[in-house]
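Using the sequences provided together with the hints, build the complete structure.
Number of protein chains: 2
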Amino acid sequence: MSEDNNKSKMVGKQSVMFQNPPCIIAASSIAGKKEGEGPLGSLFDVIQEDALLGKKTWEEAESELMKEAASKVLQKAGLKNKDIRYLIGGDLLGQLIATSFGIAEMEIPLLGIYGACSTMGEAMSIGAMMVEGGFADRIIAITSSHFAGAEKQFRMPLDYGNQRPYSATWTVTGSGAVIIEDRKFNKNNNEKVVSIKGVTSGKIVDYGLKDSMNMGAAMAPAAYETIKQNFEDFNIKPDYYDKIITGDLGYVGKNILIDLLKEQGYDISGNHMDCGIEIFDKESQDTHAGGSGCGCSAITFTSYILKQLKEGSWKRVLFVPTGALLSQVSFNEGNSVPGIAHAVMVEAE
Amino acid sequence: MSEDNNKSKMVGKQSVMFQNPPCIIAASSIAGKKEGEGPLGSLFDVIQEDALLGKKTWEEAESELMKEAASKVLQKAGLKNKDIRYLIGGDLLGQLIATSFGIAEMEIPLLGIYGACSTMGEAMSIGAMMVEGGFADRIIAITSSHFAGAEKQFRMPLDYGNQRPYSATWTVTGSGAVIIEDRKFNKNNNEKVVSIKGVTSGKIVDYGLKDSMNMGAAMAPAAYETIKQNFEDFNIKPDYYDKIITGDLGYVGKNILIDLLKEQGYDISGNHMDCGIEIFDKESQDTHAGGSGCGCSAITFTSYILKQLKEGSWKRVLFVPTGALLSQVSFNEGNSVPGIAHAVMVEAE
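Chains as they are written, first to last, in this note's numbering: chain A, 1 to 349; chain B, 1 to 349.
Quick caveat, the hints were computed from the structure, so don't treat them as lab data.
Keep in mind that a hint or two might mislead.
The calculated lysine to any residue pairs, modelled on SDA-like cross-linking and capped at a C-alpha distance of 20 Å, are [said to hold, decoys possible]:
#1 A:13 / B:81
#2 B:56 / A:331
#3 A:152 / B:154
#4 A:55 / B:328
#5 A:9 / B:9
#6 B:9 / A:20
#7 A:56 / B:210
#8 B:13 / A:107
#9 A:228 / B:82
#10 A:228 / A:258
#11 B:55 / A:208
#12 A:80 / B:12
#13 A:82 / B:8
#14 A:197 / A:235
#15 A:9 / B:137
Remember, predicted model here, so these are calculated numbers, not experimental data.
Given below as structure tokens:
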């Protein structure tokens with residue numbers, strides 16, 4: 001990695017390198033039933049068998065997922081609400097109602113954010129900057145999504161029983177949270193300390209795709225631009241990372257991303273992974289192109305990815321949640337589906 | 001002001017004090033026709049006579065407002081897109097489509113945020129932290145709203161011609177943007193330098209109100225909590241500020257706020273101002289409780305408030321945009337309207 005910009009936290013065109021990398025001291029993952037039956041099922045903190053979580057609406061159920069993720073991460077860290085300076089988070093629902101109603105009672109200052117399914121990357125980026133900048137000793141970054149709420153919001157009412165094309169993804173029901181802190185901390189001495197070394201924030205990338213049932217293709221160009229920029233800003237090559245992990249490109253988007261980077265001389269085929277592909281078993285779970293949603297990258301990160309880092313199986317990971325910036329209204333009005341991707345450099349030591 | 005916490009940027013429970021206060025070096029305000037006919041009309045940079053701005057939909061019109069606000073603030077600062085490290089912004093529409101489609105072509109890394117009508121306060125807070133923390137030399141904070149888009153999103157289709165209760169506010173059509181920079185800068189030596197001294201970030205406050213036609217009452221408790229916390233965190237009294245300026249409480253919310261603070265021994269009746277009250281003439285413009293929307297506080301700040309600061313008429317302002325965290329879905333499902341308010345301490349010197 002180039003040390004040219006060592007004196008500045010700003011690196012290259014779009015990146016930040018932390019001088020005192022903030023640490024991820026705790027994480028939580030609350031998953032739905034289907035996610036619990038998938039390949040990562042044994043790694044989630046809680047699996048909710050009831051899709052409504054005892055509530056009356058999908059939106060309230062998603063709020064409950066988020067509330068549980070926030071409570072669980074505090075419990076795992078042995079902290080109370082008052083120990084958290086800011087909660088930074090969002091979800092996919094219009095006006096972030098899953099977040100607002102989910103964390104209302106926590107009485108923690110809220111910075112609501114929206115980056116579609118890239119939101120966990122955005123939350124961790126802003127949170128890490130606030131902690132390293134001295135504005136907070138400790139923050140929670142959190143996101144959620146719910147299959148039924150997302151279908152209702154973006155696609156078809158479930159009762160309609162429409163057919164799903166193979167390019168469509170399956171929105172993950174789940175909520176994941178991390179606590180980011182300003183000091184090196186490790187509850188368990190057998191585990192590595194995981195910290196955030198830097199971030200590369202994404203621009204909106206729009207190749208003009210209009211198919212809301214093929215969001216992997218819409219988001220792949222944004223992932224491509226952010227990952228390429230990360231390589232350029234830090235003057236590194238793909239093999240700098242043990243894993244380059246996108247959020248929810250799925251099978252369609254993964255191939256496009258690998259091809260786009262290959263054209264620029266970057267081969268990530270050997271170390272690329274996509275949370276949407278990992279979280280479901282394509283064949284037995286009938287999830288077509290893979291998982292998606294704010295919850296997809298969040299619970300994959302807070303279970304599987306962090307575990308690999310803490311156990312020392314991976315040392316350097318580029319975590320790149322990817323978002324499709326459409327709404328029901330923009331889609332119905334015939335607009336394209338712009339993408340965005342926010343990359344977080346996570347390392348174990 | 002107490003200097004007890006001088007060594008830390010974190011002050012009290014919910015506030016930040018900047019050691020090197022970032023400056024607001026430029027601002028822009030794009031307003032609709034009705035706003036142009038109001039008391040602040042002569043202060044806006046641009047008044048758009050056409051509510052559709054030549055576009056086919058209200059959403060595209062709002063995107064255009066935001067695009068113009070971003071272009072105008074760059075032009076006024078004599079800067080190009082590439083000089084801006086991050087654009088931090090949002091709007092009221094589901095999934096922030098006004099922002100995404102408005103700034104897509106600018107090719108500036110985007111951090112999308114949502115705090116309902118408190119968004120300008122949240123954008124300026126995050127932006128000031130990123131600049132003071134060394135993560136950006138220069139950012140744009142921007143928000144927008146559009147009367148017709150907001151009515152369609154949250155209330156009744158305009159064609160329905162429903163009657164509006166006197167407690168209802170009128171969503172402002174407009175977009176405002178500021179550039180926040182890491183150095184003292186003043187193009188015009190006759191003007192004061194305006195900087196952001198600190199922020200107090202808000203928690204969600206929910207008194208259980210359910211009337212979406214009385215958002216002033218729903219947001220006043222949030223404004224109360226944030227303003228009281230600002231006084232407590234900095235150990236100051238209301239007269240520390242020349243003006244304490246809320247976003248869009250309107251006539252109903254203003255009275256509630258003043259009463260709530262009075263009960264705690266804080267009298268702000270002499271120096272409180274509300275952007276929603278300033279922007280329209282209640283009698284001649286038939287706007288009932290006042291103006292509202294992300295654009296209301298944004299264009300009032302970027303025109304009238306900044307002018308008073310730069311001319312030296314006011315020295316210290318607490319700018320407190322207020323948001324009502326409802327959505328069409330949460331309202332239809334019978335949920336309450338939680339509020340949030342983010343305070344920014346703006347000073348001229």
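Given the proposed pairing of residue 13 of chain B with residue 107 of chain A, does the C-alpha separation stay at or below 20 Å? Cα-Cα ~11 Å, so holds.
Straight-line Cα separation of residue 56 of chain A and residue 210 of chain B no greater than 20 Å? 18 Å, holds
Quick one, are residue 56 of chain B and residue 331 of chain A close enough, alpha carbons at most 20 Å? 14 Å, holds
Is residue 82 of chain A close enough to residue 8 of chain B, meaning Cα to Cα at most 20 Å? Distance ~18 Å between residue 82 of chain A and residue 8 of chain B Cα, so the pair holds.
Mind checking the alpha carbons of residue 9 of chain A and residue 9 of chain B for me, to see if they're no more than 20 Å apart? With a Cα-Cα distance of about 18 Å, the restraint between residue 9 of chain A and residue 9 of chain B holds, given a limit of 20 Å.
Between the alpha carbons of residue 55 of chain B and residue 208 of chain A, is the straight-line distance 20 Å or under? Distance ~18 Å between residue 55 of chain B and residue 208 of chain A Cα, so the pair holds.
Residue 13 of chain A and residue 81 of chain B were given as a pair; does the straight-line alpha-carbon distance stay at or below 20 Å? 12 Å, holds
Holds or violated: are the alpha carbons of residue 197 of chain A and residue 235 of chain A at most 20 Å from each other? 15 Å, holds
Take a quick look at whether residue 228 of chain A and residue 258 of chain A sit within 20 Å of each other, Cα to Cα. 11 Å, holds
Just to be careful, I want the Cα atoms of residue 55 of chain A and residue 328 of chain B compared with a cutoff of 20 Å; is the pair within it? Satisfied, since the Cα-Cα distance of roughly 19 Å is no more than 20 Å.
What's the verdict on residue 9 of chain B and residue 20 of chain A, does the C-alpha distance respect the 20 Å limit or exceed it? Holds: residue 9 of chain B and residue 20 of chain A sit about 16 Å apart, inside 20 Å.
Pair hint residue 152 of chain A and residue 154 of chain B, alpha-carbon separation not exceeding 20 Å: Given that 20 Å is the threshold and the Cα spacing comes to 18 Å, the pair holds.
Against the hints set out earlier in the document, no violation occurs for any number.
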